[in-house]
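Protein chains: 2
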Amino acid sequence: MEGRMTRIFLCLFLCFLAGIATNDAARQGDALNKLYFDVFNLKRAAPASAATSASNVFSDLSSKAYPQKGLKESDKISKLPGQPEGIDFDQYGGYVTVDAEAGRALFYYFTEAVSDDPSSKPLVLWLNGGPGCSSLGYGAMEELGPFRVMSDGKTLFRNPYAWNTVANVLFLESPAGVGFSYSNTTSDYGENGDSRTAEDSYVFLVNWMDRFPEYKGRDFFIAGESYAGHYVPQLAHTILQHNNTHINLKGIMIGNGAINDETDNKGLCDYLWTHALISDETIDAIHKYCNFSPDASNQTNQCYQAVGVVNQVFDTLDIYNIYAPLCFSSGVTPSPKRYSIENFDPCSDYYVSAYLNSAQVQEALHANVTKLNYTWSACRQFAQWTDSPSTVLPLIKECMANDVRVWVYSGDVDGRIPVTSSRYSLNQLNLSVKTKWQPWFVNKEVGGYSIIYDGNLTFVTVRGAGHEVPSYQALRALVLIKFFLDGKLLPA
Amino acid sequence: MEGRMTRIFLCLFLCFLAGIATNDAARQGDALNKLYFDVFNLKRAAPASAATSASNVFSDLSSKAYPQKGLKESDKISKLPGQPEGIDFDQYGGYVTVDAEAGRALFYYFTEAVSDDPSSKPLVLWLNGGPGCSSLGYGAMEELGPFRVMSDGKTLFRNPYAWNTVANVLFLESPAGVGFSYSNTTSDYGENGDSRTAEDSYVFLVNWMDRFPEYKGRDFFIAGESYAGHYVPQLAHTILQHNNTHINLKGIMIGNGAINDETDNKGLCDYLWTHALISDETIDAIHKYCNFSPDASNQTNQCYQAVGVVNQVFDTLDIYNIYAPLCFSSGVTPSPKRYSIENFDPCSDYYVSAYLNSAQVQEALHANVTKLNYTWSACRQFAQWTDSPSTVLPLIKECMANDVRVWVYSGDVDGRIPVTSSRYSLNQLNLSVKTKWQPWFVNKEVGGYSIIYDGNLTFVTVRGAGHEVPSYQALRALVLIKFFLDGKLLPA
Chain A
1 MEGRMTRIFL CLFLCFLAGI ATNDAARQGD ALNKLYFDVF NLKRAAPASA ATSASNVFSD
61 LSSKAYPQKG LKESDKISKL PGQPEGIDFD QYGGYVTVDA EAGRALFYYF TEAVSDDPSS
121 KPLVLWLNGG PGCSSLGYGA MEELGPFRVM SDGKTLFRNP YAWNTVANVL FLESPAGVGF
181 SYSNTTSDYG ENGDSRTAED SYVFLVNWMD RFPEYKGRDF FIAGESYAGH YVPQLAHTIL
241 QHNNTHINLK GIMIGNGAIN DETDNKGLCD YLWTHALISD ETIDAIHKYC NFSPDASNQT
301 NQCYQAVGVV NQVFDTLDIY NIYAPLCFSS GVTPSPKRYS IENFDPCSDY YVSAYLNSAQ
361 VQEALHANVT KLNYTWSACR QFAQWTDSPS TVLPLIKECM ANDVRVWVYS GDVDGRIPVT
421 SSRYSLNQLN LSVKTKWQPW FVNKEVGGYS IIYDGNLTFV TVRGAGHEVP SYQALRALVL
481 IKFFLDGKLL PA
Chain B
1001 MEGRMTRIFL CLFLCFLAGI ATNDAARQGD ALNKLYFDVF NLKRAAPASA ATSASNVFSD
1061 LSSKAYPQKG LKESDKISKL PGQPEGIDFD QYGGYVTVDA EAGRALFYYF TEAVSDDPSS
1121 KPLVLWLNGG PGCSSLGYGA MEELGPFRVM SDGKTLFRNP YAWNTVANVL FLESPAGVGF
1181 SYSNTTSDYG ENGDSRTAED SYVFLVNWMD RFPEYKGRDF FIAGESYAGH YVPQLAHTIL
1241 QHNNTHINLK GIMIGNGAIN DETDNKGLCD YLWTHALISD ETIDAIHKYC NFSPDASNQT
1301 NQCYQAVGVV NQVFDTLDIY NIYAPLCFSS GVTPSPKRYS IENFDPCSDY YVSAYLNSAQ
1361 VQEALHANVT KLNYTWSACR QFAQWTDSPS TVLPLIKECM ANDVRVWVYS GDVDGRIPVT
1421 SSRYSLNQLN LSVKTKWQPW FVNKEVGGYS IIYDGNLTFV TVRGAGHEVP SYQALRALVL
1481 IKFFLDGKLL PA
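Protein chains in written order, with our numbering: chain A, 1 to 492; chain B, 1001 to 1492.
Because the hints were derived from the structure by calculation, they are not lab data.
Among the clues, some could well be false.
EDC-like mimics (lysine to aspartate or glutamate), calculated; alpha carbons at most 16 Å apart, straight line [unchecked claim]:
#, chain 1, residue 1, chain 2, residue 2
1, B, 1079, B, 1101
2, A, 436, B, 1284
3, B, 1250, B, 1219
4, B, 1434, A, 281
5, A, 436, B, 1280
6, B, 1434, A, 315
7, B, 1397, B, 1454
8, B, 1436, A, 363
9, B, 1072, B, 1219
10, B, 1121, B, 1219
11, A, 79, A, 284
12, A, 121, A, 88
13, B, 1069, B, 1210
14, B, 1436, A, 210
15, A, 69, A, 101
16, A, 79, A, 90
17, B, 1436, A, 281
18, A, 337, A, 315
19, B, 1488, B, 1454
20, A, 69, A, 214
21, A, 434, B, 1454
22, A, 434, B, 1280
23, A, 250, A, 219
24, A, 76, A, 60
25, A, 69, A, 210
26, B, 1121, B, 1486
27, A, 444, B, 1085
28, A, 436, B, 1219
29, B, 1154, B, 1085
30, A, 72, A, 210
31, B, 1250, B, 1403
32, A, 72, A, 85
33, B, 1072, B, 1284
34, B, 1444, A, 315
35, B, 1121, B, 1090
A partial selection of chain B residues facing chain A, derived with a Cβ cut-off under 8 Å [to be verified]:
#, residue
36, 1325
37, 1381
38, 1413
Glycine included, C-beta positions come from ideal geometry on N, C-alpha and C.
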């Protein structure tokens, strides 16, 4: 009964936030809405608890290793349409089958390191969240990839702070149904969830490493943001459980990630209050009348009313960067506008969508080979997300116990999964402080703050960055990934 | 004894913050540092309390009304060096003697409204804080005046969001010793304080209205920021007490203002924590060990240590806009840089200083007629600030009781006198909510939030604005002043 009440509450709570999604999507364009809207709106299969999330029993996935011969060569991208001259790294794009029987295949885009010797650099897998958002559209094209799309939707400009300056970066569109990834079994789109996402991603990795055998045993890191706060530790967990020696997992990094629903939700509300987006009366009501525990029941009308005010905030400003301008343009421009890597263009979603829906671009990427009956879009809203534990903290602990480096970071002007949430959630681990809270610096400016806990967990803030940290603070994000990969203290 | 302990504590507390001032000043240039550094570092004449601040007995100031004949005409500015063509309003600059015996004279810069009929527009007096900062350098040249200074320090560009599009705006450099204002009695510089600042400002106004008699009886408003949180209500109080019919005081407006030390200080610390600039441990120590009450004694070492961390934040980033870049250039550029009213240039202090220290500019402004033996600087640090009550809330109440419109606003990314402080301080008034907290809009974007309390007090936030609101959000600030002057609800 309690479990049912919880689900009803969460459902209603997120009817508000789903309403948000709808409104905002309508405002920003359905195909391009920037909302990782499902964090609260999950249909939980069962009242999930910390205890259940690390104890999954895994299927035998060995049958899903498929022949990869010759595929690497055919995945090589000779040139992306509109890319600038003088590109000094190799790029690949293509599909990896993760379930031949169902016809599930995941699309990847891979940018080798800019280096005389890419083999000296680690491999980083990047995952965007959602659930349902694209690592190609967001991660590669708006955040940390080597190119960003100009306002004409046709030409690319170089991102000098791309992460492939320090690593070989693999962008995965996951799970099937997201971006160019697909399933030939339509019902797969209706039954996605965390577990299959982790399993498919694991199978992807095993096959991808057969296709790119030089990366077997290479130092390997998983990074991602938002709902990838689930994907990243769940994939790490799957890797650890399967004990695959080819996958040399060294660390995971989660940015503005959903990691513990109760404290994430509480932190969200507190952040909105402390950032002067809701009133004293509203936060008082939330503190008094709402219970964000996964086992909560009997929420009051006062709670619903207060949560309705949170709804209004989501509806009126860009919650993913509470100080950013909105996009009001209806689409791409005939000729490219002046751009600046320092001032993220809030209309970038439109440019990326135009670019990735071009037939020439898809051909160059080796994408959409099955001629999907829908256009590429940045986020897909799955009808059902069948499983999502209320916390991944046990998986983070598991990583720590297995000597996997864990960094959690937060762009501090994101209101969706704000720095307050991440602090509250990590505090649930009750770790001792090893290196106290202190600023780190880039070009003599405070890049943010960091604190290191016993057990090799580092928490980092990125000053002035929204939900998609590298979109808003590209240089600071590059410093972050560099020091994460090196396992070093950020520059003081 | 308690009073003494308080002063010792405040003194030590502000030895930290004074250290800040020194460091930051050294970094940004002594003459141009942007610190309104004295808020905490006040030497109080006596333990001030709410009760004392509204009960001053006023001197008879009528003897300080001096002949003004012919002075208006000679104050008219024909043209400022480097100003753009097509200026459609009149400007004046000059001195008003406020104490003939001591030789104290205050410098003003007056920009009439851009209008076919300036006489239809109200009169707004603008005051910057400090104590010791210039309304000409900050208010007029970096915030709400008609011109801003280009990076060459020689040419001006038009501010399309200047407040003289809606009002006749009078900038006063106050008290004597600030900017071009001076005293021939050197000891005046050592004995400044709130009371004399209010009295001199009142005398200034009386004389200025004799010089500009068309403004007698005109709707009159006082606005100011930072430590002008003291000046504004104190001047309003002085006007109310003197019952001068020429000064038709309709409203006051205070931005990011010091209004109640205890809650301002608590709010500052909480803001730094909620904005992820200090650690959980530090805020816990501050909450546990510090007592910001004006009557507090026996502060602990733990409190001093925690406050030392606050010090470090002030020392490492621009506390006046916690997300803004710093200025690293050593001065003006040979030719003017591209400018944008939307992206405030953090090096503007240098351009303004160069401009205002030019002999031609001073001549055009009718400034520095006595050939001061120091250069114009944006802020002057007085050796002693002899009186400063710990709260001006009783004066705000007095305004409300006398039907003087009161608006308090806050740029929400200022860390110096942050929105948290203003909310805590206003909450001390225990007012009922008349119109609940809601967003206001400019060009379909959230300009901030507002709440109206019974008794005609409005609190407004300005989203994405630092301490000097019109510097960072010029358009939003213009909407703010327009609706304040009209006494209307901000646009929903």
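Structure-based check of each hint:
1. 1079/B / 1101/B: violated (33 Å)
2. 436/A / 1284/B: holds (14 Å)
3. 1250/B / 1219/B: holds (6 Å)
4. 1434/B / 281/A: holds (13 Å)
5. 436/A / 1280/B: holds (10 Å)
6. 1434/B / 315/A: violated (24 Å)
7. 1397/B / 1454/B: holds (11 Å)
8. 1436/B / 363/A: violated (55 Å)
9. 1072/B / 1219/B: violated (20 Å)
10. 1121/B / 1219/B: Judged against 16 Å, a Cα distance of about 8 Å means the pair holds.
11. 79/A / 284/A: violated (56 Å)
12. 121/A / 88/A: The given pair, whose Cα atoms are some 15 Å apart, holds under the 16 Å limit.
13. 1069/B / 1210/B: holds (8 Å)
14. 1436/B / 210/A: violated (61 Å)
15. 69/A / 101/A: Between residue 69/A and residue 101/A the Cα gap is close to 20 Å, so the pair fails against 16 Å, i.e. violated.
16. 79/A / 90/A: Cα-Cα ~9 Å, so holds.
17. 1436/B / 281/A: Between residue 1436/B and residue 281/A the Cα gap is close to 9 Å, so the pair holds against 16 Å.
18. 337/A / 315/A: violated (28 Å)
19. 1488/B / 1454/B: holds (15 Å)
20. 69/A / 214/A: holds (13 Å)
21. 434/A / 1454/B: violated (50 Å)
22. 434/A / 1280/B: holds (14 Å)
23. 250/A / 219/A: Holds. Residue 250/A to residue 219/A sits at ~6 Å (cutoff 16 Å).
24. 76/A / 60/A: Given pair residue 76/A, residue 60/A is violated - Cα atoms ~31 Å apart, limit 16 Å.
25. 69/A / 210/A: Status holds; Cα separation ~8 Å.
26. 1121/B / 1486/B: holds (11 Å)
27. 444/A / 1085/B: violated (40 Å)
28. 436/A / 1219/B: violated (55 Å)
29. 1154/B / 1085/B: holds (15 Å)
30. 72/A / 210/A: holds (9 Å)
31. 1250/B / 1403/B: holds (8 Å)
32. 72/A / 85/A: Cα-Cα ~24 Å, so violated.
33. 1072/B / 1284/B: violated (57 Å)
34. 1444/B / 315/A: holds (12 Å)
35. 1121/B / 1090/B: holds (14 Å)
36. 1325: holds (7 Å)
37. 1381: Not OK, violated: residue 1381/B not within 8 Å of chain A, min 25 Å.
38. 1413: Since the shortest Cβ distance to chain A is 7 Å, the answer is holds.
Going down the numbered hints, you'll see the structure goes against 1, 6, 8, 9, 11, 14, 15, 18, 21, 24, 27, 28, 32, 33 and 37, while the others check out.
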